[in-house]
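A.B. asks: Protein chains in written order, with the working numbering: chain A, 325 to 820; chain B, 325 to 820.
Possibly wrong hints are sitting among the right ones.
Identical chains share a label here; the pair holds if one copy fits it or two copies do between them.
To be verified - Once the Cα atoms are required to be at most 30 Å apart in a straight line, the calculated DSBU-like pairs of lysine-lysine come out as:
#  : residue 1 : residue 2
1  : Lys816    : Lys680
2  : Lys446    : Lys481
3  : Lys816    : Lys359
4  : Lys766    : Lys549
5  : Lys484    : Lys560
6  : Lys560    : Lys817
7  : Lys752    : Lys446
8  : Lys480    : Lys549
9  : Lys560    : Lys422
10 : Lys462    : Lys560
11 : Lys446    : Lys491
12 : Lys819    : Lys446
13 : Lys817    : Lys752
14 : Lys446    : Lys816
15 : Lys817    : Lys481
16 : Lys446    : Lys817
17 : Lys680    : Lys383
18 : Lys462    : Lys446
19 : Lys796    : Lys680
Bear in mind the hints are in silico, worked out from the structure with no lab data behind them.
There are 2 protein chains.
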Amino acid sequence: MFESAEIGHAIDKETYDAEVPALREALLEAQFELKQQSRFPVIVLINGIEGAGKGETVKLLNEWMDPRLIEVRTFDQQTDEELARPPAWRYWRALPSKGRMGVFFGNWYSQMLQGRVHGQFKDAVLDQAINGAERLEKMLCDEGALIFKFWFHLSKKQMKARLKSLKDDPLHSWKISPLDWQQSQTYDRFVRFGERVLRRTSRDYAPWHIIEGVDPNYRSLAVGKILLEGLQNALKAKTLGRQTNIAPLGESIDGRSLLGSLDMTLRLDKNDYQEQLIVEQARLAGLLRDKRMRRHALVAVFEGNDAAGKGGAIRRVAAALDPRQYRIVPIAAPTEEERAQPYLWRFWRHIPARGKFTVFDRSWYGRVLVERIEGFCSQADWMRAYGEINDFEEQLHDAGVVVVKFWLSIDEQTQLERFQEREQIPFKRFKITEEDWRNRDKWDAYSEAVGDMVDRTSTEVAPWTLVEANDKRWARVKVLRTINEALEAAFKKDKK
Amino acid sequence: MFESAEIGHAIDKETYDAEVPALREALLEAQFELKQQSRFPVIVLINGIEGAGKGETVKLLNEWMDPRLIEVRTFDQQTDEELARPPAWRYWRALPSKGRMGVFFGNWYSQMLQGRVHGQFKDAVLDQAINGAERLEKMLCDEGALIFKFWFHLSKKQMKARLKSLKDDPLHSWKISPLDWQQSQTYDRFVRFGERVLRRTSRDYAPWHIIEGVDPNYRSLAVGKILLEGLQNALKAKTLGRQTNIAPLGESIDGRSLLGSLDMTLRLDKNDYQEQLIVEQARLAGLLRDKRMRRHALVAVFEGNDAAGKGGAIRRVAAALDPRQYRIVPIAAPTEEERAQPYLWRFWRHIPARGKFTVFDRSWYGRVLVERIEGFCSQADWMRAYGEINDFEEQLHDAGVVVVKFWLSIDEQTQLERFQEREQIPFKRFKITEEDWRNRDKWDAYSEAVGDMVDRTSTEVAPWTLVEANDKRWARVKVLRTINEALEAAFKKDKK
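Using the sequences provided together with the hints, build the complete structure.
C.D. replies: Spelled out as structure tokens, the structure:
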């Protein structure tokens, strides 16, 4: 979930200086229209890692926009008045009215995360708090509010560097935090529980935006642009009398993406490949026969560019195994029976029993890939699918199913070569169709959809593995090794 | 929440026999159209008290409708296949496809209730299960499903009688239940946790219908009519391309209602009144000065028919108290500032601090009374308000606020007399307006709205008290006594 926010997003000064004036003007304009219409309030929640630029960004927004229409609230220690009333009272009294914007620091998410990180309660109570937040936000949105949720992120290394520089700076050293971020464990716990919170509260009407906080230019521009797009959409929708607030997902603004950060030159030579392949295949066979496998099942999802080598990778996985132990489920257009059911139904029916292994050759992610891009479902449908899919995979995980998800990535040139090769080899010709060529024209749209998919569905319980697949050998070994490591990690956890 | 289902609903045989043929025909027709359209599946969840006629009703529906299009599923013991997979798998495999109807016995609600009643887990884990059910149902509805949730209810006395007669009947004595209903405690716990489940999962897209189960004619007709109305609405909405499934609330079909079951002749003579009034006023003054009050606050909500005597009752409550300790908040049309906020905001701002007491003269229930009837908000808005209000009051309760809610009820004749009297007495003339006479024309609509309100928001944490107010003295004493009892009960709970 935080992968895309650890790749070193940055905007150079020149670009930044060139873009800011227009952005400021547009934000001011949107703010003015918001005030004129006075149809809905805007609530901005600011959360995330210490030192990731939360305060600086809000300060900047106040400079860029008209501060008379923005109320910034911090919720630290409860006052006597607040302590004497239900916990939510402090938030209600701070709600911005229609036409205004409220920026909430130290909001309900901070409270629940601090409590959980400090060990004041367990997951079940955290889940109650999460559910309370969901109900509150759903109600606010139903009442017309537009909610932005920003999570400012840093990798652990980035955070440590940042804390050090803050400490040396007398202007900032007064800052205190209720959590002791110097402790490495604090970071780990904060990110782990933060992920649980984000996973469950990222809903179509109020999704989270994860912002990499290292580079001030990047984070400022990213936040500004998301705010602007969301405001403009909502102003337009309200003018048309529509109620739905579908917040934008936010595109990459610096051209950097998770897929783009892959090292596509990775490769294995033939000897290394054959050696490693055999080792990993044997390891997988052993793991699946291990008696600890009785408490688990295994699901492997294969997605990837056309011609990225999914079929070949799946065959190398299967080659190691007893056919009675696994099933390969190829996902094409749904059957009539499947179309008469909710879209997840066709996958639920193939969930393996304990001890078994199912390979999905394409999967439920079709909803947020091909269906999104081809317009087979509405925006509202694929936006809610991220949450539904996370719920689904969490249920699998909770039942002991190990879920491994692969995106096999090749570059455009490699795909072109493979397409041409397929057309020339008779027994491969069936593999290439007009549709493949058409999909190729949508390369950028697919890349964006894959980025959103990984950002929103790569979770602790079911992480995505991006596979550099220009070299098929490299890809196959990486796939097998990842499966093996996931199984071993699950077995290890059982022991505890 | 179960009040309306303990008043002895019944339909005589003649009426029943006269109504059934048309209902059956209409149900068959709707079912046929459902099949023809094949646009959405129908899921019927059957839950409730043992012996309340769950099985009999489903059997009957199968006779009335085309059983080839209904799949009845019971989920008792999990099979080996089911045990080897995530818990939800058994429900997914049983989902009816579009155009068909699935009736689920022993569904997700039964599982979580049994677990909680047996003490296998605590409220926090129950809440996790509740949240899981909500997510599942929300997703199914978003995917087009129409969900009916029926809770068959019996009072404890009714249940005991019913169990006894079942035991003596060899045709039924084979029935087993995973809960030991012979134990009085089982009933209490089942109803208490059932209320928590219903309160949190009754949502506008899939509300619960509580059916009194004593009289077979009543329960059959009630279920049949709710199904029919919901089906017809959904078929119409889908034909028009609308997505929203707003299930009907179900009107009273036997003319009996909670309000109608009040004994409106209750009265107090002057001497008894003065004596009891002083006793209760002194008791309230003492309770509010009690040191245990420091852990609580008190909220009293007054709603009622026009001229039912809210003002007089409130004055008698206030008379007992130090003015620094309480506030009376009269609720009229919202101010401009209040209109710029979610509707609950104007009430949150007046929530008392611990140790204090706030009287709301009319309240947040305006949303589901006047706003519903006058069309000031949409059906979707007031339908979701029941759940939002329950969430709100639960937050108050969890923070130690004692919430007491009164509906002061008078009959039409009494209201007429009071209106006329007001017009004749100069200093009371300001109290009667054209609007009061107009509201009187909507007597039936208000009665229905009050019934729905009490059914959906009278909860363990914030129950409604219906006050027979034809006699003002009786009403005033009952109000005071109810407040006192609620405070004493809360203090008593603290000790535990």
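A.B. asks: Need the list of violated hint numbers for this structure, in ascending order.
C.D. replies: 3, 5, 6, 7, 11, 13 and 17
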